[in-house]
Each structure stands twice: as C-alpha cells, then as structure tokens.
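First to last, the protein sequences are chains U and A.
In this text, residue positions in the first sequence follow the numbering used here: the first is 1, and each later residue adds one.
In this text, residue positions in the second sequence follow the numbering used here: the first is 1, and each later residue adds one.
Be aware that one or more of the hints could be misleading.
[What the hints assert, rightly or not] Counterexamples of contact, computed for chain U against chain A with all Cβ distances above 10 Å:
no., residue
1, F16
2, F36
3, V104
4, D119
5, V246
[Said to hold, decoys possible] Computed footprint of chain U on chain A; a stretch qualifies when at least three of its residues, placed anywhere within it, have a C-beta under 8 Å from a C-beta of chain U:
no., region
6, 69-78
7, 82-92
8, 140-147
9, 276-282
Hints listed in this document are in silico derivations from the structure and should not be mistaken for laboratory results.
Just so we're clear, the structure is a prediction, and the values are computed from it rather than from any experiment.
From the three backbone atoms N, C-alpha and C, an ideal C-beta is built for every residue, glycine too.
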Amino acid sequence: MRASTPLAGGRLALLFLRVSVMNDLQYRANFVIQLFQSLLALGTGLAVLALIFDQTDDLGGWSQTELIAVMGIFTIMGGVIRSAIEPNMQRLMEDVRKGTLDYVLTKPEDPQLLVSVRDIRIWQGVEVLTGAVVLGYAVARDPASLGPAEVLGFVVSIVLGAVIIYCFWLLMTTAVFWVVRLDETQELFEGVYRAGQYPVGIYPGWMRLGLTFLIPIAFAVTVPSEAVTGRLDAATLGFAFVFCVVMLILSRAVWKRGLRRYSGASA
Amino acid sequence: MIAAGPRSGAEAAPGEGGRLAEDGSLRSMVSLYLTLMRTSVINQFQYPVAAYLYMIGMVAEPVIYLVVWSTIAEEQGGSVAGYTPSTFAAYYIVWTLVRNINVVFTPYGWEWRIREGELSAQLLKPVHPIHYDLGWFAGTKVVVVLLWLPIAVVLSLLFKPELSPTAQQIAVFAVAIWGAYVLRSLYMWVLGMVTFWTTRVGALFELVWVTEMLLSGRIVPLALLPDWAERLSWLLPFRWTFGFPITALVGPIDGAELIGGLGMQLLWIAFFALVVRGFWRVSVRHYGAVGG
C-alpha cells in the first residue's frame with residue numbers, strides 16, 4: 001500500500017517546508033523577536049567566555065577562539081533542533097495523547113516521514129544564521145587550521161550529528177506510546193543540551209559517557225567542533241557514522257513497536 | 001501584608017477593639033497561606049516523575065558551570081579568585097537549592113492571566129492577589145526540597161564539596177533563602193505587570209533575565225566578575241536572591257556581611273512591596289478601562 005520512493009518522500013518534505021514557510025511569513029514580527037533572543041543568548045555566551053579567559057589561557061586544551069567556534073556550532077545545532085526537530089516531536093506527543101495520530105496513519109505515506117516533517121518553525125531557524133556568523137568569525141580569526149579536509153569533515157559530521165539528535169528525539173518521543181505524560185522532556189533536553197557549549201572532553205568520565213551515548217550531544221556539537229579545529233581523526237568520524245546508522249535502525253524499530261501499541265489501543 | 005496590612009492597622013488604631021481585629025486578620029492570613037500551601041503540595045505530588053525530569057534538566061546548568069570552573073581552578077594551580085574545586089562544588093550544590101527556592105510565578109504567565117480573564121475573578125477577592133502566588137509557590141517548595149535531597153546527596157558524592165558553616169551562617173542562610181524567595185517573587189511580579197500596558201514584553205523579560213544571570217551570582221560567584229560589574233551588582237536587587245544566600249552558607253563571609261545582607265534583602269523587599277502595591281493599583285485601573 002505504502003509504495004513511497006525516497007524521491008516522493010523528499011518532495012513531500014519540501015512541500016511541507018513550503019507550507020510552513022508561508023505560514024510563518026504571516027508573523028514577521030516573530031523574526032525580530034527571535035533574532036533579539038538569539039543575539040542576547042550569544043552575547044551572554046561570549047561574556048561568559050570572556051570571564052573564563054580572564055582567568056586562564058586555555059580550557060581543557062581549547063583556546064578562546066576555538067571555544068567561540070564551539071559556541072557557533074552549538075547555536076547552529078540548537079537552531080536546527082528548535083526549528084525542525086522539536087516542533088514535530090511536540091506535535092507527535094500531542095497527537096498520541098489526543099488520539100489524532102489516526103489522521104496521519106490513514107495517509108498513504110510512511111508515517112515516520114510524515115510525523116517528522118509536518119511542522120517547521122522557520123523563525124527559530126534564525127539561530128542557524130547567527131550561529132554561522134559566530135562560527136565564521138572564529139574561523140576568520142584563525143584561518144590557518146582550515147583546509148578542504150576539515151571543511152568536508154565538518155559538513156559530514158554536522159549532518160550525522162543532526163540525524164543522531166533526530167533519532168534520539170524520536171526515541172524519547174516514542175516513549176509517549178507507553179507513558180502518556182511527557183511534558184517535561186523538552187525542559188530536560190534543553191537543560192542537558194547546554195552542556196554542549198563546551199567540548200565534552202572537559203567533563204568527568206561518567207558525564208562524558210552520558211553525553212556521548214545516553215544523550216548524544218557529543219556527536220551533535222563536539223565532533224563537528226573537532227572537525228573545524230583540526231582535531232578530528234578518521235576513527236572518530238567513522239564511529240559517528242556507525243553510531244548514526246545504529247540510531248536510525250533502533251529508532252525505526254522502536255517507533256514501529258510503539259505504533260503497533262497505538263493501533264492496539266484505539267481498536 | 002500589602003493589602004490587608006494598612007487596613008487592619010487603621011482599624012487597630014482607635015482602641016481596645018482594634019486589637020481583636022488585628023489578630024483576626026493575621027490569623028486569617030496565616031490560615032490562607034497554610035491552605036494554599038497544602039493545596040499546592042497535594043497538586044505537586046500528583047506528578048512526581050514530571051517534577052523530577054524538570055529538576056534534572058535544571059541541575060544540568062550548575063553542573064556545567066561547576067565543571068568549567070573546577071577545570072580552570074585546577075589549571076591555575078588549585079584555585080581561582082580564592083575558590084578551589086571543592087569550594088566551587090559547595091557553591092554550585094547550594095546553588096541548586098537556592099535556585100529551586102527561587103522559582104516563582106513567571107512574568108510570561110501574566111499574558112495568560114489577562115487573556116483568560118483569570119484576573120477578573122481574583123479582583124473580587126478581599127486579599128491582594130500576590131498572596132495567592134506567594135502561598136502557592138511556597139507550598140511547592142516543600143515538595144521541591146524533598147525531591148532535591150537525593151540529588152544533593154548524589155552531587156556531593158560526585159563532586160566532594162567543602163562546606164563548614166558556623167551556626168550563625170546556617171541560621172542566616174535559612175532566613176536568606178526565604179528572603180530571596182519573597183524578593184524574587186516581588187520583582188518578577190512587577191515585571192509581569194508590565195503586560196497590562198503592552199503585549200510586547202518578551203524583549204524586556206529577556207533583558208532582565210540576562211542581567212540577572214550575569215549579576216546575581218548565578219553563572220559565576222560575584223567575586224569572579226570584573227570590578228566594574230561587581231560594583232554594578234550592588235546597585236541591583238539580583239545579588240540578594242542568588243549570590244548572597246549561597247555565600248551566606250558557603251563563605252567566605254563575616255558576621256557584619258551576614259546581618260547586612262539580611263538588611264539589604266529587607267530593604268529591597270520593602271521597596272518592591274511598595275512598587276507592587278502602587279503599580280498594581282494603576283495597572284488594574286488601566287485593565288478595567290480596556291475591559292469595560
């Protein structure tokens with residue numbers, strides 16, 4: 001029945017994006033508000049970095065310029081999560097609770113694809129731009145370390161990181177099929193995500209493990225940061241790739257089990 | 001105290017009969033507070049998992065600061081601005097308690113209150129509405145402190161804080177966290193009431209937040225700020241809601257600073273109580289004009 005090809009899926013995702021863009025364009029004032037918030041957050045982050053480097057020359061082997069680059073990547077990834085991942089997952093939670101997921105399931109398209117691309121908030125994506133400016137500034141301050149290999153490593157690792165975070169959010173959201181009330185997951189994630197502002201290497205071992213495998217912020221922020229600062233080796237990148245594939249398979253399997261449970265409940 | 005206080009004071013003035021009225025109003029205020037607190041405790045216990053997830057998300061913040069500053073202290077040969085990794089640990093673990101006590105009604109909630117007409121109902125009650133917020137949120141603290149205890153134990157085992165307060169410090173801390181709670185409730189109320197006058201309040205709230213973050217001792221102990229910023233923090237109420245209660249317990253602090261700090265809390269509370277009272281009056285009149 002669900003004879004969808006990847007191409008059709010991609011076209012559908014683009015269509016949803018267009019609808020979201022048209023929707024959000026009605027509320028242009030939100031752009032200014034988001035921009036202001038994003039700048040304020042960046043300003044605070046830079047002030048804290050200034051405080052830190054008032055006292056020391058390097059933090060766990062990272063210089064101030066390198067940590068500014070980390071902050072840029074942290075902000076970019078935060079923008080991706082808040083504009084494309086979280087809104088969809090919040091809506092999925094609501095649909096499961098209200099029973100309105102039925103409307104998704106009756107459509108002749110893969111439900112995982114549908115629930116993942118329905119809702120995109122373009123103004124939240126402003127952070128992608130402000131983060132890119134900060135990253136660009138950091139790179140311009142220290143351009144010597146950046147060659148084509150580093151740029152390629154950065155692009156690959158940030159895409160892998162975004163996919164891993166998407167899988168993680170889907171896994172967390174899918175738990176809603178078993179435990180109905182999960183309102184606080186976003187607060188929990190946002191709280192822990194802050195840890196990505198610094199390279200995970202500075203944290204004690206147990207936290208580093210947690211931030212790598214439990215809540216995979218290391219792949220989302222630290223690995224791309226290693227790429228732009230010339231620290232990334234092939235083994236880490238390969239490992240990120242394998243982890244990404246494992247997360248894709250795992251989240252898909254859990255999602256399907258959850259769906260079976262949902263259908264069972266409403267029948 | 002804000003609405004009932006002056007009225008009962010006026011009644012108490014004439015003669016013997018006044019004493020009874022004063023007692024009665026105080027007693028009814030106490031029972032109002034106890035009832036509000038009890039209701040909110042029951043409400044909080046309905047969702048213990050939710051409360052826990054929320055708290056873990058909150059604890060991530062100080063743990064990050066703690067790790068960063070401990071790393072710096074170690075790299076600088078054991079201490080930075082007088083703080084060692086163990087005293088940083090004490091600072092940020094006490095931080096988690098102070099932060100939990102500091103959670104008050106959010107200014108963002110005012111938009112909902114005004115839009116949903118919830119305020120209209122509150123206006124009919126004989127007691128100033130701030131008492132309902134103060135009582136309700138004070139009740140949540142009972143649950144919060146219970147949930148916080150295991151977290152504090154785990155954090156202490158992991159980060160080995162160095163904490164040796166005197167009896168006086170403990171006593172002042174016990175008072176100061178409630179001073180911080182009342183003070184923060186009051187200025188967040190003032191901020192929230194701006195919603196009566198304009199709906200574009202987000203930018204203002206964010207600005208106050210960032211200022212509070214940087215100049216209260218929330219992100220770093222105030223001793224680590226540059227001189228000019230530290231001096232600036234003395235002009236603002238924020239340091240009395242974070243830095244002061246924490247330092248009261250963790251130190252270094254002397255007797256005069258302890259008592260002086262409580263005095264400053266009291267002054268700021270009196271100031272914002274007056275502001276709340278005046279601002280509330282004109283705001284409600286404004287609200288009525290729009291609604292009627």
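Against the structure, the hints come out as follows:
1. Annotated as non-interface, F16(U) keeps its C-beta farther than 10 Å from every C-beta of chain A; the closest such distance is 27 Å.
2. Not every Cβ of chain A is farther than 10 Å from the Cβ of F36(U); the closest lies at roughly 6 Å, contradicting the non-interface assignment.
3. At roughly 26 Å, the least C-beta separation between V104(U) and chain A is larger than 10 Å, which holds for a residue marked as non-interface.
4. The beta carbon of D119(U) is kept farther than 10 Å from every beta carbon of chain A, the shortest such distance being approximately 21 Å.
5. Against the 10 Å criterion, V246(U) stays outside the reach of chain A, whose nearest CB is about 25 Å from its own CB.
6. Counting residues of the region 69-78 of chain A whose CB falls under 8 Å from any CB of chain U gives 4; the rule of at least 3 is met.
7. Taking a C-beta to C-beta cut-off of 8 Å, the region 82-92 of chain A contributes 0 residues in contact with chain U, too few for the three needed, and the coverage statement is violated.
8. With 0 residues having a beta carbon nearer than 8 Å to a beta carbon of chain U, the region 140-147 of chain A misses the requirement of three or more and the stated coverage is violated.
9. Under a criterion of three residues with beta carbons nearer than 8 Å to beta carbons of chain U, the stated coverage of the region 276-282 of chain A fails, only 0 such residues being counted.
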